[in-house]
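S.K.: Listed here are the chains, written in short residue letters.
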Amino acid sequence: MDLAIETRGLRREFGDVVAVEGLDLTVETGTFFGFLGPNGAGKSTTIKMLTGLLGPSSGSGRILGHDVVADSVAAKKVMGVVPEESALFERLTGPEYLRFVGRMYGMARAMIDARSTELLELMGLQDDTRKLIVDYSHGMRKKLSISAAVIHEPRVLFLDEPFEGIDAVSSQLVRSVLNQLVTTGVTIFLTSHILEIVEKLCSHVAIIHRGQLVADGPLVQLREGAGEGDSETRSLEQLFLSLVGGDRLERGRLSWLE
Amino acid sequence: MWWHGLRSRTTAADTAVAVILAVVAAILSGALAVALSFITHVGLRDGTEDAVRVATLVVFWMLGFLAVVMPVFFGFGQPQVPLRRLLVFPFSRWSLYRISLASSFVSGVNLFWYPVLVAVSFVAVIVNGAPPVYWCAAVLVFAVCLVVWCNTVLIIVQWVLRKRSVREVVVLVGLVLVVVVSMLPAMYQEEAEERGQEWFGSLVPKPVTSAVVRMAAVFPPTIVARGLEAAVLGEPGAGIASLLWLLLWTGGGVAIGYGIVRRNLLEGESSAGAQASAATRSSGGAAGWTIERLTILPAEVRAVAAKELRYLLRSTVGKFNLVIMPVFVVVMAMVVARDLDDAFLGLDRVSLVFVGLMIYASMFSNNFLFNAYAWEGAGVQSFFLSPAGPERIVFGKNVGVWIYNTLLGLEGAVIFVLVSGMPPATALLGGCLAFVASILSVTIVGNFLSPVMPVPRDISSITNSPSQTAVLATFGVLIGNALVIGSLVAVPALLGAKWLGPLLLVLLIAAEIVLYVVMLHPSGQLLESRRESLIETLQA
Chain L
1 MDLAIETRGL
11 RREFGDVVAV
21 EGLDLTVETG
31 TFFGFLGPNG
41 AGKSTTIKML
51 TGLLGPSSGS
61 GRILGHDVVA
71 DSVAAKKVMG
81 VVPEESALFE
91 RLTGPEYLRF
101 VGRMYGMARA
111 MIDARSTELL
121 ELMGLQDDTR
131 KLIVDYSHGM
141 RKKLSISAAV
151 IHEPRVLFLD
161 EPFEGIDAVS
171 SQLVRSVLNQ
181 LVTTGVTIFL
191 TSHILEIVEK
201 LCSHVAIIHR
211 GQLVADGPLV
221 QLREGAGEGD
231 SETRSLEQLF
241 LSLVGGDRLE
251 RGRLSWLE
Chain R
1 MWWHGLRSRT
11 TAADTAVAVI
21 LAVVAAILSG
31 ALAVALSFIT
41 HVGLRDGTED
51 AVRVATLVVF
61 WMLGFLAVVM
71 PVFFGFGQPQ
81 VPLRRLLVFP
91 FSRWSLYRIS
101 LASSFVSGVN
111 LFWYPVLVAV
121 SFVAVIVNGA
131 PPVYWCAAVL
141 VFAVCLVVWC
151 NTVLIIVQWV
161 LRKRSVREVV
171 VLVGLVLVVV
181 VSMLPAMYQE
191 EAEERGQEWF
201 GSLVPKPVTS
211 AVVRMAAVFP
221 PTIVARGLEA
231 AVLGEPGAGI
241 ASLLWLLLWT
251 GGGVAIGYGI
261 VRRNLLEGES
271 SAGAQASAAT
281 RSSGGAAGWT
291 IERLTILPAE
301 VRAVAAKELR
311 YLLRSTVGKF
321 NLVIMPVFVV
331 VMAMVVARDL
341 DDAFLGLDRV
351 SLVFVGLMIY
361 ASMFSNNFLF
371 NAYAWEGAGV
381 QSFFLSPAGP
391 ERIVFGKNVG
401 VWIYNTLLGL
411 EGAVIFVLVS
421 GMPPATALLG
431 GCLAFVASIL
441 SVTIVGNFLS
451 PVMPVPRDIS
461 SITNSPSQTA
471 VLATFGVLIG
481 NALVIGSLVA
491 VPALLGAKWL
501 GPLLLVLLIA
511 AEIVLYVVML
521 HPSGQLLESR
531 RESLIETLQA
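One line per chain: the protein sequences are L and R, in this order.
If you read the first sequence in my numbering, its first letter stands for residue 1, the second for the next number, and so on.
If you read the second sequence in my numbering, its first letter stands for residue 1, the second for the next number, and so on.
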């Protein structure tokens, strides 16, 4: 099967700090891939390197065969991105921003308008089309970011904490859309702190800890290797805690409250 | 300004320039200290009532102007400490106000005039034998009073600016007043000469003049000057009264400043944000439609240009430029042009003013080109996430600014023609070509400067704090433009070959276009290489 995402020895340093250390990762096309890790593990840095916001210190990354550094324009053409923090032009309205994104991907104006209308209605933003993004709530911004990421039919979709700040109804709608995208062959690379969502959506999972990959594979296989008990009843949370929780879990109390 | 630059420096070059500007500021401060000390010395040595009065009034009004007005004029426009950011800490409003006031005592603009006050006092007390105790007490209270009012004025400015629905009106009225007042002497003098003193007298009647003088008497500079004059002339009673008045002014400044901090400045954030959007919502809607018609350009370039034009038309300064342009043209055409000789630099009066106007109009967008990413915020990531090459992003942003500036130039030219009549064909052509040549040169430099020294800017504010290097580069390009473009217009006219000017300008523009195209790729590569620092700076 073709590879949608491939990294070889991907590494990024910030001064003396190594955020991502020699990451070797492969994601097959059409996979719903969950990329997990505790805060500061290197998830967002990895996504930023793969999407062109950060340059790798060494190593390489490929999106559908396009090198993210040497052939960045071709790589960006096939991907959509929802960054962790808002990357919107705040003095545009929602439809204006979607039109901007669509035009950057060379879409025809009529198609942009038709898809924008549908996306804004789906996300419940249709009544705020004259409002500037600066006046949007956090959840509204997230929903607009998701709309902008999918408007041009990307083949690979990077989602960095896409459900953060989104209400339950919108979250369910977004999940439906993401599942629909996967059925059409789109590869989704998702990071989320909500392990239940990852468990429901993703078929494959990788866990990164202190910049290094500590687990990678189909979710079912990872569950089987997670410890004692029935693999069906073992949750992703147990697996995650066993891999990255360490001795911190034992220190879950404040001394001055005892 | 140099102090602000040191605190917000982003590069080694900026630091070096900030240090140079600090040295220049120190030299200026020293020169001012010498000048005002000399005036003080002359006045006190003379010893007559008039001489002492004139000397003290000049010295203390100058210091008052430096301390209270300069921070606003030079675009600091905000208290030294951003009080809003301290709201998360358990400080009372009174503590926040005191923090703001304390920071004012060590602000750059005050460090500029403290030495002047010390030098003047040294000359007055040590050299000329002024009463030391009273002089030092009065000067100390005066200095505290100035710092308090400097802080209060900045708080008032911030408060007014936060009321964004009235901001543009307030700023516009303020600027028009400054322009008109600065032009009044020339206007009155000319009209008085033409129509006789009666007309002048009827325009500025005596009661108004005396009212202005009476008003000035209640301000701190006059109070301290009168007090020192009384002390020097041996009337201590009047001096003590002056001190009390100064203390009253100081208390008043504290009360007003604290009152605004307590009641207005730190409250209603959400409503202020809503007002800001309401002010910007309706404008810029036609930008996309306009640029969509330019099908000769690639889609990505049109997208970036439309975004840029929308931002410009939604920014306070962008709208302000469009509003102030007619005022500026009328002042240029009706006031400045009157003082020019008919044939200056080989051009008739209308031609000269038109060409000058067009060159000046081209400069309205300098800030947008020298600090092109100032308003992007976190949105700058959208550029780097998109599949457009960096050259196309740079080009698209340039196109947006060019369209905006062309609107400004057209507005100015049309109003000029309505007010002054049609200039000769060579001047009309020369003015328009000079406009294009000037913008192109600024664009070429700006494309390299913008990604290297980005300084975030509030789109709702008219003030701007570019990097120090950008300030120097701006001056350099402006001087270069004035010399080159001015020469290409004036020299042929002086030689009697006015047709040659437009021809030379066409050649200059052709050369600039070639240079622009050649430089587009390196400037795009520079943008790409500065991606991470640009995101980091603008997202902060």
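Be aware that one or more of the hints could be misleading.
Stated by the list, open to error - Derived contacts from chain R toward chain L, CB cut-off under 7 Å, selection only:
no.: 1; residue: ALA26
no.: 2; residue: GLY47
no.: 3; residue: PRO90
no.: 4; residue: SER92
no.: 5; residue: TRP94
no.: 6; residue: ARG98
no.: 7; residue: ALA102
no.: 8; residue: ALA299
no.: 9; residue: GLU300
no.: 10; residue: ARG314
no.: 11; residue: GLY379
no.: 12; residue: GLN381
no.: 13; residue: SER382
no.: 14; residue: PHE384
If you're looking for bench data, these hints aren't it; they were derived computationally from the structure.
Just so you know, even glycine gets a beta-carbon here, dropped at the ideal spot from N, CA and C.
S.K.: Give a verdict on every hint.
M.R.: Against the structure, the hints:
Hint on ALA26 (chain R) is violated. Least Cβ distance to chain L is approximately 35 Å, over the 7 Å limit. A distance limit of 7 Å between C-beta atoms decides the matter here; for GLY47 (chain R) the minimum to chain L is near 63 Å, and the interface restraint is violated. Residue-level restraint check for PRO90 (chain R) is violated (minimum Cβ-Cβ distance to chain L is 20 Å; threshold 7 Å). A hinted interface residue such as SER92 (chain R) counts as satisfied when its beta carbon comes closer than 7 Å to some beta carbon of chain L; here the least separation is about 28 Å, so the hint is violated.
With a cut of 7 Å, the hint placing TRP94 (chain R) at the interface with chain L is violated, because the nearest CB-to-CB distance is about 32 Å. For the restraint placing ARG98 (chain R) at the interface with chain L, the shortest Cβ-Cβ distance is roughly 32 Å, beyond the 7 Å limit, so the hint is violated. Taking 7 Å as the C-beta cut-off, the interface hint given for ALA102 (chain R) is violated, the closest approach to chain L being about 33 Å. At a threshold of 7 Å, the smallest CB-CB gap from ALA299 (chain R) to chain L is about 5 Å, leaving the interface hint in force.
Among the interface hints, the one on GLU300 (chain R) holds; its C-beta lies about 5 Å from the nearest C-beta in chain L, closer than the 7 Å criterion. Hint status for ARG314 (chain R): holds, given a least beta-carbon distance of 5 Å to chain L, under 7 Å. Interface hint at GLY379 (chain R): satisfied, since its Cβ lies 4 Å from the closest Cβ of chain L, which is below the 7 Å cut-off. Because the closest C-beta pair between GLN381 (chain R) and chain L is about 4 Å apart, less than 7 Å, the hint holds.
Against a cut-off of 7 Å between C-beta atoms, the interface hint on SER382 (chain R) holds, since the closest Cβ of chain L lies about 5 Å away. Using the Cβ-Cβ criterion of 7 Å, the hint placing PHE384 (chain R) at the interface with chain L is satisfied: the shortest such distance is roughly 6 Å.
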